[in-house]
Amino acid sequence: MKFAIQINEGPYQHQASDTAYFFTKAALEKGHEVFRVFFYHDGVGNSTRLTTPPQDDRNIVNRWAELAEQYKLDMVVCVAAAQRRGIVDNGEAGRNGKDATNIHPAFRISGLGQLVEAAIQSERLLVFGD
Amino acid sequence: MSEIKKFMYLNRRAPYGTIYAWESLEVVLIGAAFEQDVSLAFVDDGVYQIMKGQDTAEVGMKNFSPTYSALGDYEVTKLYVEKESLEERGLTIDDLMDLKWEDEDEDWAEKDSIILVSREELSQAMSEQDVVFSF
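The listed protein sequences derive, respectively, from chains A and B.
FYI, the numbering for the first sequence is 1 to 130, going by the numbering used here.
FYI, the numbering for the second sequence is 1001 to 1135, going by the numbering used here.
Bound-form chain A, shown alone (with noise of 0.2 Å):
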């Protein structure tokens, strides 16, 4: 089965990300592909290098980042979205005047078509949100 994963929420405020990376991990392990993980609304948080949650605890931007690593999943975070929440990479950096970055190389900053054309090339789009 070829899925496609949109996930709307924030790490760790919520569930959403955390559930969207087991259910991903475990159809990966199941020989299952994954088109796209799209990252929307609040969930572009999940792609920002600077999170430091405390040592006892998951970091929820590094284990999205191995398992892509590991798959070559694509990653991708919503650009409209991201600009609201402050979520930049160099690109939108110049474009903007930003003084600085944040994304996670493990991500990448793209148009909301890669949501809709994931939607189209995926058997299945699952939503992980409230």
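Be aware that a few hints might be false.
Ranges of calculated distance between the beta carbons of each label pair, as one might list FRET restraints [said to hold, decoys possible]:
(1) D130(A) <-> D1098(B): 26 to 32 Å
(2) E1128(B) <-> E69(A): 36 to 42 Å
(3) T19(A) <-> A1109(B): 43 to 49 Å
(4) T51(A) <-> E1075(B): 37 to 43 Å
(5) H32(A) <-> E1106(B): 41 to 47 Å
(6) L50(A) <-> T1056(B): 38 to 44 Å
(7) G1053(B) <-> R108(A): 40 to 46 Å
So these bits of chain B aren't anywhere near chain A, every CB distance computed over 12 Å [stated by the list, open to error]:
(8) E1003
(9) E1084
(10) D1107
(11) I1114
(12) V1117
(13) S1127
By construction, these hints were calculated from the structure, which means they are not laboratory data.
Values in this document were obtained by computation on a predicted structure and should not be read as measured data.
Just so it is clear, CB atoms sit at the ideal spot from N, CA and C, and this is done for glycine as well.
Assemble the complex: chain A is given as a structure, and chain B must be docked to it using the hints.
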């Protein structure tokens, strides 16, 4: 992309308490370029998204409700509204915006975009979708 899928955008929340409604609409507008078979559904507090006479001046947020009137121009012409959700909130269809689309095949005749459906009918429509975006 030759395959056409049935896309439903399920709107469940009031328009200004959270950003879900506005960011859902952004997906609808972008998604329209992909020429899929698109419908929107309004259930629960989502019916408030298309209330007429919205005024956000006092809350300092952008009133995005006029965007719904433009959906017809994006060939988004099927807006399901769940009857029970209206009734549970003391609303009728007259409380909603008069949303129209122009039918190119009938000399641009104006048609209603809002389709009032029962919970059961909406459930049926949902089960026929390939993709349901839930907001």
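Exercise. Hint by hint, which ones does the structure fall short of?
Worked result: 6 and 8
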